[in-house]
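Listed in order, the protein sequences are those of chains B and Y.
Using my numbering, the first residue of the first sequence is number 1, and each one after it goes up by one.
Using my numbering, the first residue of the second sequence is number 1, and each one after it goes up by one.
It is worth saying that the hints were derived from the structure and are not from the lab.
Identical copies go unnamed one by one, so any copy, or any two together, can satisfy a pair.
Using 20 Å as the maximum straight-line C-alpha spacing, the simulated DMTMM-like pairs for lysine to aspartate or glutamate come out as follows:
1. Lys143 - Asp181
2. Lys142 - Asp312
3. Lys370 - Asp354
4. Lys102 - Asp181
5. Lys142 - Asp181
6. Lys188 - Glu112
7. Lys188 - Glu107
8. Lys119 - Glu72
9. Lys457 - Asp255
10. Lys143 - Asp312
11. Lys88 - Glu107
12. Lys418 - Glu394
13. Lys188 - Glu146
14. Lys170 - Glu112
15. Lys188 - Glu105
Number of protein chains: 2
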Amino acid sequence: MNGYILLWCSKPTRIFIYSNHVAVFEFFILLNSNQISLILGQINFMFDNSTIVAISTPPGIGAIAVIRMSGEDAVNICDTVFSSNSNKTLGLQSANTLHYGKIREGETVIDEVVVGIFKAPHSYTGENVVEISCHGSLYIQKKILEVLVQQGARLAHPGEFTLRAFLNGKLDLSQAEGVADLISSSSKAAHRVAINQMRGGISEEIKGLRGQLLNFISLIELELDFSEEDVEFANRSDLRILVSKIGRLLKILKDSFYLGNAIKNGIPVAIVGKTNSGKSTLLNLLLKEDKAIVSDIAGTTRDFIEDIISIDGIHFRFIDTAGIRHTTDKIEQLGIERTFQKISQAAIVLLLVDLDDEQQTIVQSVKSLKKQIEHSETHLVVIINKIDLYPVNEVDKIIRLLEPMVTNSNRVVTLSAKFGNNLEVLEKTLKELIHADQIEQSDILITNTRHFEALTKSYEAIQRVAAGLESNIPEDLLAQDIREVLHYLGEITGEITNDEILGNIFSKFCIGK
Amino acid sequence: MNGYILLWCSKPTRIFIYSNHVAVFEFFILLNSNQISLILGQINFMFDNSTIVAISTPPGIGAIAVIRMSGEDAVNICDTVFSSNSNKTLGLQSANTLHYGKIREGETVIDEVVVGIFKAPHSYTGENVVEISCHGSLYIQKKILEVLVQQGARLAHPGEFTLRAFLNGKLDLSQAEGVADLISSSSKAAHRVAINQMRGGISEEIKGLRGQLLNFISLIELELDFSEEDVEFANRSDLRILVSKIGRLLKILKDSFYLGNAIKNGIPVAIVGKTNSGKSTLLNLLLKEDKAIVSDIAGTTRDFIEDIISIDGIHFRFIDTAGIRHTTDKIEQLGIERTFQKISQAAIVLLLVDLDDEQQTIVQSVKSLKKQIEHSETHLVVIINKIDLYPVNEVDKIIRLLEPMVTNSNRVVTLSAKFGNNLEVLEKTLKELIHADQIEQSDILITNTRHFEALTKSYEAIQRVAAGLESNIPEDLLAQDIREVLHYLGEITGEITNDEILGNIFSKFCIGK
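Next comes chain B alone, as it looks inside the complex:
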């Protein structure tokens, strides 16, 4: 679709041109208030309404594969290659029904299939959708795609089905992103966050607050129109309450990104300690506990879980600190400086200390590490390892020595990595440090960098609004800040978006979704 748009405006403003609820064209007009301007723009939509087709099941050979086709002609295109014993016409069948038959290329039967029919708007994309369930051979999958393309369908781009669902108002943008996260989620916690997002968790709250704010800005803009009469349509005290409410929510959401992102990608954990302190033994112990759980599903490759353990559904990802192993044996060094960078990436550092070492050395190494992380949000767990080799009172002595260092984010745990004693204490500690209970309770966590950035920007803007309200700044400046909040909040749900943002988001989807 191409078109020319004629605009007329009399004050500085930002303009969006919408198709459905997507701003496909965006520009600013900054004019003196008395000027009249004529703007001519050409719009090229990234969207077309052709019928698209793709293999939606994982790539490879399986018992069955599903080929999905969406668009106005989806059912008709399928009809041209489908035949059943009773000579059914798919176009005449009810929505949400299944039909057994053959897919043909001319006289040649490609496969015996089951075709599912969904009709607009009651489908994933909101369009007519056909799902062909065929035998999962690569040849058949490819061949069926081929004949459907011959009959007029077009191969779908990555994420194009979900893009259409978004364009047709079946999902908002944050929900669409939730779909992609859901597909790649591999832990219980990541799954929980993604499915909440897909089901509209974050969107609803943001849309609600944005709606209320929109109300205020229209009143404030009314004030601007009557600016010479000094009226106040928007109740400032109500606005203050709303702004502070929005501010609080934005802060909570924005701050949840640290945890949310860690959950999505696995909580980064570094194990440090001198050579032979038991790092590998500890890692193996943690991994061994988990292997049985993670590897009992076909297709989970070992690569995938190599360095990830899952404790009660939360993934902990072990950062490669292999470098440490090659340090010299100089005790007081503990190889820590060489892994400084790794440590700064970790949410949790496990420091393995050895009862063989001098008390002074142990205290020194703990202090040194605490100093390194004091300005970060990294937690420290000092692990007194090899307790199986020492009498209880000696272990107790070290514990008492380190006790003053214990805080909310720094802990001391005794352990035998070799025999697994106290492993459950370490796991409990890890869960406590990342507030696993909060993850269970909290419905909404921000996991998406794009959302985090938009939230940060809208939080900054809402703070300016709050300050502006305090200092009674002019309405037009206040309106400007509020519009900025509205803009960034709208970006999260996709009420405001553009080609580039959509292109970025959906190109990361897999084909067939």
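With the hints as your guide, set chain Y onto chain B.
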């Protein structure tokens, strides 16, 4: 199911105990005709009627995955974890319908899914079947399996869905094997053979002939019962006609295995020639032509097609003759002896000769290779390579020299592997040698070793029947041979089978089929 069986019989016989049409227990009783025997046997069925569940789509992450559940309780089990906005009960829905809703574990939503319902006997397995189409994350796939198992389903064994389809009479055994071949088929020709088999191509003919033969044997056995009266219920001349017809068909089917098996696994081709004769160049040339066709489907890994080319839908598989490259440069050797074993495995040997070589050397190497393959069904193509480097009359001289060797199965082709000249002639030659036109025309090719063995045994038995008819052997011996034919033919379609055969066949299936 366990049970005790009491048998009473008065003549030597082979006895099968059937469940549906599967002989689950088989034994011979050889007695003197006046003896009475009592046989006690215990039967353990490999089959149960629990509800089974598996992921049916290829392993891994994709836009969607399908979880299939089959058994009497399939719909009810799904109902316990499924909820929709309109509080649908799946058990009350019509067959062949699709239902959108959520799969839950208690209060937790695992995924939003579409459930397809099939009802016995109108399903793949002949039982109640539910297909759950969920988001293709590993976590979700695993989790849904888990909750279904918690609700009473059992994880399916490889091929168990198809085994049930067979046990419930939806497919015969040869058709079931066709399903497995279809899934693994990666070329047009292999696909064509497999889908014909799945659709009952071979079964129907065999069942038809077996039915007619069964007719005769009952008449002959009637004669045995009246053996003292010297009657002839079975018309010997009709029987002769049938036996000869069966013999001809069995020979055609049996002989088609050589080609059918090659098509299924790719026609084995060996390229031989001295170092620098252009073997790699030729292989690359052949592969390059094909790459574009094979690699345009997502999920086709390069590994898979590394040494396979497809000419008009027929796969040619290049046998690794890497050994040749390390031979010394002694021309007359041509490295052939070192690859003798490889050559004997090939259906076609491509011998690359070099115009640089002495005429005598060339003739000698061709003669030597011909000698090696003279007792096999291996074809030889002598390729005069590097024709771009030599004047036409010199090339012609060599062609005339080799012309006397050209036969139906030995050819001479001139080529420039470097520039691709005459590539189409080589491809045409390859197709001619394996009778590609016959593949196009013939509907039925044997591709399965089990079928080949059964066909060979029944062919031997039918030849004994034919000879017996000529020499008028006693009815009981004739009947014995006919029963053997019936037995082996029945094995192909599964009219006669046992646990071990079924176990062997279905264990090779993928999970979820």
